[in-house]
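Undergrad: Protein sequences appear in the order of chains A and B.
If you're matching positions, the first sequence starts at 67 in this note's numbering and goes up one per residue.
If you're matching positions, the second sequence starts at -9 in this note's numbering and goes up one per residue.
It is possible that part of the hints are untrue.
[Stated by the list, open to error] Computed list of chain B residues with no C-beta within reach of chain A, every gap over 10 Å:
no., residue
1, Leu16
2, Leu37
3, Pro104
4, Leu122
5, Ile145
[Unchecked claim] With the C-beta cut set under 10 Å, the calculated list includes, among others, these residues of chain B facing chain A:
no., residue
6, Asn67
7, Glu71
8, Gln72
9, Leu195
10, Ser197
Hints listed in this document are in silico derivations from the structure and should not be mistaken for laboratory results.
All C-beta atoms, glycine included, are put in the ideal place defined by N, C-alpha and C.
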Amino acid sequence: MSKLTVKNLSCQRGYNLLFENLSFELNSGEVLKISGQNGSGKTSLLKIIAGLNTSELGSIIFSQSKSNSEKYQLETLYLGHYAALSSELNCIENLEYLTNLGTEIISPNFHAALKEVGLKNYENELAARLSAGQKRRVALSLLFISQSKLWLLDEPFTALDSNGIKIIENQIEKHCSKGGLCILTTHQDCNIKNLREISL
Amino acid sequence: MNIFFATLRRDLKMAFRNPSSFLNPLMFFVISISLFPIAISPDAETLMNIAPGIIWVIAMLSVLLSLNSMFHYDYDNGVLEQIIISHHSLPIILLAKTIAHWILSGFPIILLSPLLGITLFLDSKSIYILMLTLCLATPCLSLIGSIGVSLLVSIKNSGMLLSLLILPLYIPILIFATSAVSQSQFNLPINGQLYFLGSILIFSLISAPFISAVALRISME
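Whenever a hint applies, use it, and build me the whole structure from the sequences.
TA: Following this line, the structure appears as structure tokens:
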């Protein structure tokens, strides 16, 4: 059983206190939706949990490993606002490098992952030639490759059509049914089982 | 080590698919140096005396021009975030990126320098010493530059600030490198300068990736 414990987290950006004494626990199989107005600190919270930013106070522990430890980073998958695709590389090359950075999988099946997100035959297409929605789909195809337990998805449904949203929601449900955890921020309604919500 | 070669391969592949990113500074290097004989004097003796200084100053400026692109594209498209939160060692990835930058900026300068040395009437021994100083010192330019770029990666149009931050750190390299080439023209010993350049290279090779890693984490906050 994996468990994410966030205790007394406080975050300040400039003179603004975004949130303070934020504590929650997330057990395996659960999805947490973080909602709040623009600028309320949703992305900052995800970045802190991902280990990109530091918090002023508080601690984050996932399965007994602290954030920023090697094991913690290997167990987390963070997909931010940007699709993290380099325009000079094609879909497969981009995915190869991203999986190299984030996982220890020996030979991932990128073709199958791209097929799952509806981008069959786009393997050799340069990222520069893809539309915003297609770029987002390529980034989200990592969800079909990654073996990380904790998924941190910042606005995953941006630029996706309704079919794309459905595919991703199903994949999140599948991940959680296998004991994974997921934290996501979105302004849209989600149809995902075991969804909890906190508001900032 | 796998991630080191994967990063190196990726950065080189990206650069060769968008060659203007590394060819522009090289064109600047060649064109500026070839303008000096026209602007100053075509006289062999005059050019021979100022050649080491000219080649070295322009080499340094052309590396400075190319520094901005080291992390900027990766910052803009979000890859840098993934690099930072990777479970791999950040200094190793940054070292790979810095070496890729050197292969695209410093290494071509070393290859072009004999040709430009000949146009400025340098003799064969001085050209050899010039290439030796470039071999020792251009990696230092990329390594020291990577620290400045890491600190300023989140600031848009930081070219001016980068020059202010990095150029003072380049001055010792410039002094030792140009004095080595000038002194070799008069058959004076140059071991001291080469040892200094070598020690700067070793020191920056060991410390720069770690300092860049810390700087990058700070600037991504």
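Undergrad: Give a verdict on every hint.
TA: Hint by hint, here is what the structure shows:
1. Every C-beta of chain A lies more than 10 Å from that of B/Leu16, the closest at about 19 Å, which supports listing it as non-interface.
2. Here B/Leu37 stays apart from chain A, with its beta-carbon at least about 40 Å from theirs, past the 10 Å limit.
3. With a cut of 10 Å on Cβ distances, B/Pro104 stays outside the contact zone with chain A, its closest approach being about 31 Å.
4. Consistency note on B/Leu122: stated as away from chain A, and its beta-carbon is indeed over 10 Å from all of that chain's, at 34 Å minimum.
5. No beta-carbon of chain A comes within 10 Å of the beta-carbon of B/Ile145; the shortest separation is about 16 Å.
6. Because the smallest distance between the Cβ of B/Asn67 and any Cβ of chain A comes to about 6 Å, under 10 Å, the interface hint for this residue holds.
7. About 5 Å separates the beta-carbon of B/Glu71 from the nearest beta-carbon of chain A, less than 10 Å, and the hint is met.
8. Hint status for B/Gln72 relative to chain A: holds, with the closest Cβ pair at about 5 Å, below 10 Å.
9. Taking 10 Å as the C-beta cut-off, the interface hint given for B/Leu195 is violated, the closest approach to chain A being about 23 Å.
10. A hinted interface residue such as B/Ser197 counts as satisfied when its beta carbon comes closer than 10 Å to some beta carbon of chain A; here the least separation is about 22 Å, so the hint is violated.
Of the numbered hints listed earlier, those contradicted by the structure are 9, 10.
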